[in-house]
Amino acid sequence: MATLRVPPAVPSPQEDCEQLHKAFEGWGTNEKLIISVLAHRNAAQRKAIRDAYQATYGKDLLESLLHETHGDFEKIVLLWTLEPSERDALLANEAATKWHPANRVLIEIACARSSQDLFTVRCAYHKQYKRSLEEDVAAHTKADFRKLLLPLVSAYRYEGEEVNMHLAKSEAKLLHDKISDKAYSDEEVIRVLTTRSKPQLIATFNQYNNEFGNPINKDLKSDPKDDYLAALRAVVRLICCPEKYFEKVIRLSLNKIGTDETALTRIVATRAEVDLKLIKEVYQSRNSVPLENAVKHDTHRHYEDMLLALLGSDQN
Amino acid sequence: MADETLSLKKAFSGHGGFGVDETIMAAMVTKWRKQPDQKSRFRSDFSGFFTKIGSIEKCEDDYLLRLKTEFSRFKNIMVLWLMHPWERDARWMHHVMHKSYPFTVIVEIACTRTSEELLGAKRAYQALFNHSVEEDVAYHIKESYSKLLVGLVSSFRYEGPQVDNDMAKWEAKALGNVIKSSGSGKLIQNEEVIRILTTRSKRHLKATFKHYKELHGKPIEEDLGANLCLQETVKCIDKPAKYFSEAINIAFKEGADKPSKLSLTRVIISRADVDMEEIKETYHKQFGVKLEDMITKNTHGHYKDTLLTLIGK
Chain X
1 MATLRVPPAV PSPQEDCEQL HKAFEGWGTN EKLIISVLAH RNAAQRKAIR
51 DAYQATYGKD LLESLLHETH GDFEKIVLLW TLEPSERDAL LANEAATKWH
101 PANRVLIEIA CARSSQDLFT VRCAYHKQYK RSLEEDVAAH TKADFRKLLL
151 PLVSAYRYEG EEVNMHLAKS EAKLLHDKIS DKAYSDEEVI RVLTTRSKPQ
201 LIATFNQYNN EFGNPINKDL KSDPKDDYLA ALRAVVRLIC CPEKYFEKVI
251 RLSLNKIGTD ETALTRIVAT RAEVDLKLIK EVYQSRNSVP LENAVKHDTH
301 RHYEDMLLAL LGSDQN
Chain E
1 MADETLSLKK AFSGHGGFGV DETIMAAMVT KWRKQPDQKS RFRSDFSGFF
51 TKIGSIEKCE DDYLLRLKTE FSRFKNIMVL WLMHPWERDA RWMHHVMHKS
101 YPFTVIVEIA CTRTSEELLG AKRAYQALFN HSVEEDVAYH IKESYSKLLV
151 GLVSSFRYEG PQVDNDMAKW EAKALGNVIK SSGSGKLIQN EEVIRILTTR
201 SKRHLKATFK HYKELHGKPI EEDLGANLCL QETVKCIDKP AKYFSEAINI
251 AFKEGADKPS KLSLTRVIIS RADVDMEEIK ETYHKQFGVK LEDMITKNTH
301 GHYKDTLLTL IGK
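So the protein lines, in turn, are chains X and E. At position 286 of the first sequence the residue is numbered 286 (our numbering), and the sequence of numbers has no breaks. At position 11 of the second sequence the residue is numbered 11 (our numbering), and the sequence of numbers has no breaks.
Please keep in mind that the hints were generated in silico from the structure rather than gathered at the bench. All the given hints hold, so there is nothing to weed out.
Covered by chain E, according to a simulated footprint, are these stretches of chain X (three or more residues, beta-carbon under 8 Å):
1) 125-132
2) 138-149
3) 155-162
4) 195-207
All figures in this text were calculated on a predicted structure; none of them were measured in a lab. The beta carbon of each residue, even a glycine, is placed where N, CA and C say it ideally should be.
Bound conformation, chain X alone:
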């Protein structure tokens, strides 16, 4: 499911950090060397390299990367090098403090991470920003969005597989009734979406489809321009089939005149060790071309090389 390719014999963190230091030395930067190391190490290995770099050269690897790389390549390398929880905390902080209704990064983080991972993000957030994620989300979002986003980022869903079919039926009906009344931000809707476990919700959505003949997202499309409804649809999608959600974001980001590198960078960096392979498969079947082709077509130079490496398609 992950696309990250790590060589069978990995050099020691000490060797790796020396290579990186070489890449920074002298005039210009050896981006290919950076990619050949960092884009082929998993999170634990990257952390070990960062620690070794700090111990050997007295500064954070991220600082050197910041100095020596630029533009979109810099952004993706920095994001990639961070530990997943730090990365999510950074993304969440940006999304919360610069929040606007069409921004769904908080929903991505809240719904596409496991309960335990989301909690680790909240811990990392405390450390990094000296506040809780919930405080910032609550303080910067308003009205219906806050009603939805605050419990979403505070959720600590049960992670077992058990499903209560009776409850799934009754909550499917509840959702259907509220949606029919256009009560999209009703407390009960929010309660179900933000507290039930993911298997329970998937069962509920299936019941919805069985009982009422439409997938719930179809019924949530009454106004395609409404950002709140789009947020609800994103919640449903991310819980049921995150790879489809991410494929769509990537597809839209590549279709734009000029690419939306922020979204592309974010998704490749956050899913390379999770389900980017699945996302690629969905992309291929939806667009009849491999994702790598679209990336090669729309991005350039080192940014393109880094993306391809993380997609598992480079020569290394």
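Got chain X sorted already, so can you dock chain E onto it with the hints?
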């Protein structure tokens, strides 16, 4: 003889106080060994416990039920003492949903435990009951204070030293405005009130309450009306020792109900290793009597001994 009867009655009278006196009971078995007449006289003398149907002697069912509770006070406190704190907190929270314990227990646990302890309790809850505590609170508790409760149990407050003092001042003002403009019934569901109370760090909130007092000339509790949930939330965050000492006091009141009495065990067990000294001082200051004296006077047997040991007497 009369003294023996009296002391045995007292030993069995748990429902008047807390617990039974196991030592006296065991001693009586020795004393009254092979003396069925003594026991017969005791039975006819103890009309609360024993009665007759025609000529057949029987125990009062009501009394047996109460006695069961009193005998198990010691067992309960021992089991709770050994249990992992996370499991304890998880079970107490579960009782609120399924045994109709007062919702204030959830406020207490959500607001007086550290963020790590609350996380542990939530994990234990999931392991024990196959649901998250948030989903159960949201689903089972449909009162005006549900939103606040869900927010409180979902919290994972920052615990570091940093406080944005300007923000605390601003929020003290904002709370004042909301309190002025809301009806006191509506206050508990106000988004700003819930946001501030359920997401800000405890240090931040203490600063906010302090600014509130300076701005408005009185502590925020006085302006929260009869809103029990809000009052308890503020108290647990700002002055937990006071909250606990009052909870203990309610347990000792005349006619206290079962959950109130159980809070004596809960408070002492959960705070014995945390802030019991502070609670004792606060109790003494507030009620003019030492906690150990109240316990000695009102509780019995091994239950009493355990309580006294736990409070550090």
